[in-house]
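Chains as they are written, first to last, in this note's numbering: chain A, 1 to 785; chain B, 1 to 73.
The set of hints was computed from the structure by calculation and includes no laboratory data. We put the CB at the ideal spot given by N, CA and C, even for glycine.
The calculated label-pair distances, taken between Cβ atoms and stated as ranges, are:
no.: 1; chain 1: B; residue 1: 65; chain 2: A; residue 2: 485; range: 30 to 36 Å
no.: 2; chain 1: A; residue 1: 756; chain 2: B; residue 2: 65; range: 31 to 37 Å
no.: 3; chain 1: A; residue 1: 696; chain 2: B; residue 2: 48; range: 31 to 37 Å
no.: 4; chain 1: A; residue 1: 295; chain 2: B; residue 2: 36; range: 53 to 59 Å
On the chain B side, residues computed to face chain A include the following (Cβ under 10 Å):
no.: 5; residue: 38
no.: 6; residue: 63
no.: 7; residue: 72
List of simulated lysine to aspartate or glutamate pairs, EDC-like, C-alpha gap at most 20 Å:
no.: 8; chain 1: B; residue 1: 20; chain 2: A; residue 2: 718
no.: 9; chain 1: B; residue 1: 20; chain 2: A; residue 2: 749
no.: 10; chain 1: A; residue 1: 518; chain 2: A; residue 2: 586
no.: 11; chain 1: B; residue 1: 20; chain 2: A; residue 2: 721
no.: 12; chain 1: A; residue 1: 503; chain 2: A; residue 2: 523
no.: 13; chain 1: A; residue 1: 726; chain 2: B; residue 2: 26
no.: 14; chain 1: A; residue 1: 454; chain 2: A; residue 2: 435
no.: 15; chain 1: A; residue 1: 353; chain 2: B; residue 2: 72
no.: 16; chain 1: A; residue 1: 726; chain 2: B; residue 2: 15
no.: 17; chain 1: A; residue 1: 454; chain 2: A; residue 2: 682
no.: 18; chain 1: A; residue 1: 107; chain 2: A; residue 2: 266
no.: 19; chain 1: A; residue 1: 102; chain 2: A; residue 2: 173
no.: 20; chain 1: B; residue 1: 3; chain 2: A; residue 2: 768
no.: 21; chain 1: A; residue 1: 740; chain 2: A; residue 2: 704
no.: 22; chain 1: A; residue 1: 740; chain 2: A; residue 2: 718
no.: 23; chain 1: A; residue 1: 415; chain 2: A; residue 2: 489
no.: 24; chain 1: A; residue 1: 353; chain 2: A; residue 2: 343
no.: 25; chain 1: A; residue 1: 569; chain 2: A; residue 2: 527
no.: 26; chain 1: B; residue 1: 31; chain 2: A; residue 2: 742
no.: 27; chain 1: B; residue 1: 31; chain 2: B; residue 2: 7
no.: 28; chain 1: A; residue 1: 636; chain 2: A; residue 2: 697
no.: 29; chain 1: A; residue 1: 341; chain 2: A; residue 2: 610
no.: 30; chain 1: A; residue 1: 454; chain 2: A; residue 2: 648
no.: 31; chain 1: A; residue 1: 454; chain 2: A; residue 2: 649
no.: 32; chain 1: A; residue 1: 398; chain 2: B; residue 2: 72
no.: 33; chain 1: B; residue 1: 31; chain 2: A; residue 2: 768
no.: 34; chain 1: A; residue 1: 636; chain 2: A; residue 2: 580
no.: 35; chain 1: A; residue 1: 535; chain 2: A; residue 2: 562
no.: 36; chain 1: A; residue 1: 636; chain 2: A; residue 2: 648
no.: 37; chain 1: A; residue 1: 45; chain 2: A; residue 2: 95
no.: 38; chain 1: A; residue 1: 332; chain 2: A; residue 2: 382
no.: 39; chain 1: A; residue 1: 462; chain 2: A; residue 2: 527
no.: 40; chain 1: A; residue 1: 39; chain 2: A; residue 2: 324
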Amino acid sequence: MELHQYQYLEAKCGQNDLPRCAAECPIHVDVRGMLQEAKRGNFSKAYALFAQTVPFPGIISQVCEQPCQQVCIRNDIDDGLAINAIERACYSYNEKKGSRAKLLLQKDNKVAVVGSGISGLTVAYHLANKGIKITVFEAGNNLGGRLLELTEGILNRRIMLNDLEVLNDLHVEIRLGVAINNSCSNSFNELLQEFDAVYLGLGQRDISALKLGLELNSNGTICVDPTTMETSNSKVFAGGSHLQDKNCLSVISSVADGKSAVISIDRFLQKASLTASRHAFGSKTTRLLTSVDSINPQPMVPISDPAKGYTEEEAKTEASRCIDCQCLECFKLCEYMRHFKMEPRALARQIFKNSSAIAHRFSLPMNSCSLCRQCEAVCQYDFSIADFCEAARETMVKAGRMPPSAFGFAIQDLKYSNSEAFVLTRLEPERSEIEYVFYPGCQLSGSAPWQVSKAYSYLREKISGGVGLMLGCCGVQASWAGETGIFQESLASFRSKWTELGKPGVIAGCPTCYMVFKKHLPELSVDLLSSIFDKFGLPEPAQSNSLVLAIHDSCTTRYEIEIQNSIRKILNNLGHTVKELTASRELTECCGFGGLMQISNRSLAHKVVDRRIEESEYDYLVYCSMCRDNFTNRGKTTYHLLDLIFGDEDGKIAARPPVGYSRRHDNRARLKNTFLKEVWGEDISYDPTPVKLIISEALRSVMENSLILDFDLYRVIEYAERTGNKLQNIVSGHYLAYFKPENVTYWVEYTAEGSGYVIHDAYSHRLEMTSPGESENDDNQTCRV
Amino acid sequence: MVKMNDEEKLGNGQDIICAKCNISLEVSPVKFNYVGVAFSVSLFNCPICGLTYVPAVLARGSMLDVQRALEDK
Ligand code: SF4
Ligand code: SF4
Ligand code: SF4
Ligand SMILES: [Zn+2]
Numbered sequence: 001m002e003l004h005q006y007q008y009l010e011a012k013c014g015q016n017d018l019p020r021c022a023a024e025c026p027i028h029v030d031v032r033g034m035l036q037e038a039k040r041g042n043f044s045k046a047y048a049l050f051a052q053t054v055p056f057p058g059i060i061s062q063v064c065e066q067p068c069q070q071v072c073i074r075n076d077i078d079d080g081l082a083i084n085a086i087e088r089a090c091y092s093y094n095e096k097k098g099s100r101a102k103l104l105l106q107k108d109n110k111v112a113v114v115g116s117g118i119s120g121l122t123v124a125y126h127l128a129n130k131g132i133k134i135t136v137f138e139a140g141n142n143l144g145g146r147l148l149e150l151t152e153g154i155l156n157r158r159i160m161l162n163d164l165e166v167l168n169d170l171h172v173e174i175r176l177g178v179a180i181n182n183s184c185s186n187s188f189n190e191l192l193q194e195f196d197a198v199y200l201g202l203g204q205r206d207i208s209a210l211k212l213g214l215e216l217n218s219n220g221t222i223c224v225d226p227t228t229m230e231t232s233n234s235k236v237f238a239g240g241s242h243l244q245d246k247n248c249l250s251v252i253s254s255v256a257d258g259k260s261a262v263i264s265i266d267r268f269l270q271k272a273s274l275t276a277s278r279h280a281f282g283s284k285t286t287r288l289l290t291s292v293d294s295i296n297p298q299p300m301v302p303i304s305d306p307a308k309g310y311t312e313e314e315a316k317t318e319a320s321r322c323i324d325c326q327c328l329e330c331f332k333l334c335e336y337m338r339h340f341k342m343e344p345r346a347l348a349r350q351i352f353k354n355s356s357a358i359a360h361r362f363s364l365p366m367n368s369c370s371l372c373r374q375c376e377a378v379c380q381y382d383f384s385i386a387d388f389c390e391a392a393r394e395t396m397v398k399a400g401r402m403p404p405s406a407f408g409f410a411i412q413d414l415k416y417s418n419s420e421a422f423v424l425t426r427l428e429p430e431r432s433e434i435e436y437v438f439y440p441g442c443q444l445s446g447s448a449p450w451q452v453s454k455a456y457s458y459l460r461e462k463i464s465g466g467v468g469l470m471l472g473c474c475g476v477q478a479s480w481a482g483e484t485g486i487f488q489e490s491l492a493s494f495r496s497k498w499t500e501l502g503k504p505g506v507i508a509g510c511p512t513c514y515m516v517f518k519k520h521l522p523e524l525s526v527d528l529l530s531s532i533f534d535k536f537g538l539p540e541p542a543q544s545n546s547l548v549l550a551i552h553d554s555c556t557t558r559y560e561i562e563i564q565n566s567i568r569k570i571l572n573n574l575g576h577t578v579k580e581l582t583a584s585r586e587l588t589e590c591c592g593f594g595g596l597m598q599i600s601n602r603s604l605a606h607k608v609v610d611r612r613i614e615e616s617e618y619d620y621l622v623y624c625s626m627c628r629d630n631f632t633n634r635g636k637t638t639y640h641l642l643d644l645i646f647g648d649e650d651g652k653i654a655a656r657p658p659v660g661y662s663r664r665h666d667n668r669a670r671l672k673n674t675f676l677k678e679v680w681g682e683d684i685s686y687d688p689t690p691v692k693l694i695i696s697e698a699l700r701s702v703m704e705n706s707l708i709l710d711f712d713l714y715r716v717i718e719y720a721e722r723t724g725n726k727l728q729n730i731v732s733g734h735y736l737a738y739f740k741p742e743n744v745t746y747w748v749e750y751t752a753e754g755s756g757y758v759i760h761d762a763y764s765h766r767l768e769m770t771s772p773g774e775s776e777n778d779d780n781q782t783c784r785v
Numbered sequence: 001m002v003k004m005n006d007e008e009k010l011g012n013g014q015d016i017i018c019a020k021c022n023i024s025l026e027v028s029p030v031k032f033n034y035v036g037v038a039f040s041v042s043l044f045n046c047p048i049c050g051l052t053y054v055p056a057v058l059a060r061g062s063m064l065d066v067q068r069a070l071e072d073k
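Build out the structure end to end from the sequences listed, making use of the hints.
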């Protein structure tokens with residue numbers, strides 16, 4: 001993934017945008033953070049967050065017009081938060097008093113501020129705090145401009161003067177009673193000579209009379225750049241109520257103008273670009289979306305004594321109405337994200353960083369996502385972690401840095417399913433043309449081979465145009481593992497076989513195969529078996545009680561509404577009652593098979609399944625055999641749709657027992673034999689595990705967790721017995737042998753019993769023994785472990 | 001660097017014989033290779049044919065730790 005792609009995809013997520021309140025606040029006070037502190041009674045911390053953005057907290061906490069309140073999300077439920085009143089409480093109950101002046105070395109730059117309204121004072125305060133020498137020119141006899149028109153009841157003068165104290169601490173020079181213009185005097189021009197930059201906060205007045213020589217708008221106001229506050233003279237900046245409509249004057253907007261001018265003047269003095277990568281002040285829209293579905297109404301807390309403002313208790317209660325706006329809709333649903341305790345963007349960043357060319361560092365998060373794209377489905381902006389994980393896995397594989405243990409098992413499984421052991425491509429017997437071909441897929445064939453046989457008979461009976469058969473694996477596991485090459489190979493091989501058959505319509509037994517073909521082979525028409533039931537009529541199902549079943553939709557077909565509907569319709573026709581899970585259809589979850597989560601992070605896959613199967617007390621109904629096996633293996637009674645139609649091995653409608661890797665593996669080869677024998681009358685039986693292996697339940701579950709198959713054990717024993725290469729434990733008499741067919745060395749402890757073997761233990765390792773028994777050489781690459 | 005545990009390396013090797021050569025095993029270095037890293041480990045081997053004994057505790061224990069450490073490099 002290129003950096004620009006990453007940045008584009010990562011920026012889709014709105015979670016890091018400001019909440020509505022802070023976005024609307026022209027100076028973007030961290031309202032949410034402040035309220036979170038205030039609700040816990042941490043008024044000093046809350047005040048610090050407020051004062052970090054606001055130049056005069058005492059003044060602003062009394063007179064802000066609080067545009068934030070109007071947009072607060074609580075307006076959708078009851079009342080917007082009383083934000084300004086809480087700010088006032090933070091000011092009142094703050095215990096960390098002290099001057100807000102930083103002690104900095106004075107710089108040589110001199111800036112003049114003309115007008116002592118709130119915008120000019122803002123400029124003076126912030127620039128002086130950067131060490132710049134400031135002189136404020138005020139025509140009147142007091143600082144404050146328009147603030148002085150406010151009554152004492154609105155703006156307490158003692159608090160105001162206390163706030164302005166900081167200007168003294170910062171050695172700001174104040175010249176009262178000095179009018180600046182070029183009409184009665186030449187004082188403005190002199191200012192331009194004497195100072196490095198000038199800020200004009202002139203208030204609501206007629207500017208043309210001052211003859212400042214600046215470009216004016218048609219309404220007589222000074223023409224300024226709204227982001228930089230720059231005028232037609234590059235040394236002169238302007239803002240404040242002068243630029244506002246007299247019917248809607250805003251103190252806080254004037255503060256925002258002042259803060260914009262501060263950034264510009266500072267950059268101007270350093271001869272830096274005024275516009276490069278700068279965030280504008282002023283109200284803005286936000287992409288942060290917050291669900292209020294579960295929020296109960298709770299109206300605004302009234303102020304018992306308006307003259308004093310909220311008491312501490314009142315402020316705490318009011319602040320606790322803030323719902324701490326966050327999106328995190330994907331995070332709330334996804335067990336994987338919650339497991340790694342990382343918000344979506346942070347997770348994406350880590351995955352990208354690890355896989356980028358500089359690092360090429362494998363990390364568990366990139367390999368653990370199930371690539372189910374539930375996050376994308378729930379996100380209003382289609383952000384998906386899967387985009388990052390898929391790219392990272394591909395990059396790691398290409399760079400040769402994907403650890404072989406990560407997905408090795410799945411790749412072996414795929415290679416086996418696409419080998420002679422399972423692959424079969426046939427027209428229907430006695431036909432030279434076929435209308436359809438049935439592609440049951442490797443997992444259904446492994447889990448319930450007899451259902452595949454029955455389905456094929458049904459299809460041949462119902463479809464008069466002929467139905468061929470293709471056994472194999474669609475290759476999705478390679479795509480999930482980032483093995484693009486292997487995936488493309490299996491697609492190409494599928495395509496050529498399908499072409500040989502005359503390009504029939506494909507009937508997929510598995511929703512994942514269905515999706516793979518639909519997405520990657522658009523020239524082919526594909527149906528899911530269940531849709532064929534819908535079209536050609538259900539087979540006569542075995543007798544069954546009517547069941548109540550909660551549907552778990554497959555994650556690969558989350559957008560396939562017709563499939564989802566047809567499953568529900570079939571269940572109704574079979575006389576069962578359908579219950580819906582909360583996360584269903586488009587928002588459904590993955591069973592842990594997706595993205596090979598269960599291979600790369602088995603314990604997490606268990607956690608995912610365990611949570612999902614807890615969601616409803618009803619038995620589950622699925623239409624993917626991996627979902628069935630994964631849920632059943634974790635103890636949930638789960639029916640595959642085909643269990644309700646074709647039944648178990650005896651044809652009875654029942655929830656089948658768990659099926660593990662070994663059974664699925666061997667069943668595939670056996671299914672091929674059965675088909676060849678029963679449908680085509682050929683007898684070339686190949687059995688992957690032709691001897692009887694006696695394995696205890698406990699050992700079987702150890703093998704399942706360490707991904708060891710009966711087939712692997714059989715090959716070890718076959719090799720050991722053929723060559724005599726085996727060890728023996730003289731205490732127990734057990735034989736011990738090892739064999740490395742591909743990348744993994746398998747060990748078996750066994751004894752012969754009749755024509756079979758009792759397996760006492762089975763284990764494996766990936767570290768490769770290159771020279772057993774050879775003496776150590778002095779090759780300095782060699783290190784002792 | 002993660003090291004393999006000495007006790008795990010030897011396991012119950014005294015109880016094991018090479019069934020092919022009918023002889024007790026002896027401890028000697030075995031060369032290993034993984035993700036491009038070569039190293040040697042002292043394990044029980046058959047002094048005649050070189051069959052090696054990797055105890056189950058080793059494969060499931062510190063050998064797996066070494067594998068993970070090498071993958072994570
Ligand atoms: S300063 Fe004003 S607009 Fe900003 S958050 Fe506070 S009350 Fe709202
Ligand atoms: S609920 Fe809280 S965070 Fe959300 S908009 Fe209102 S004040 Fe801001
Ligand atoms: S793709 Fe699925 S598992 Fe991965 S982050 Fe999204 S929702 Fe979670
Ligand atoms: Zn030997």
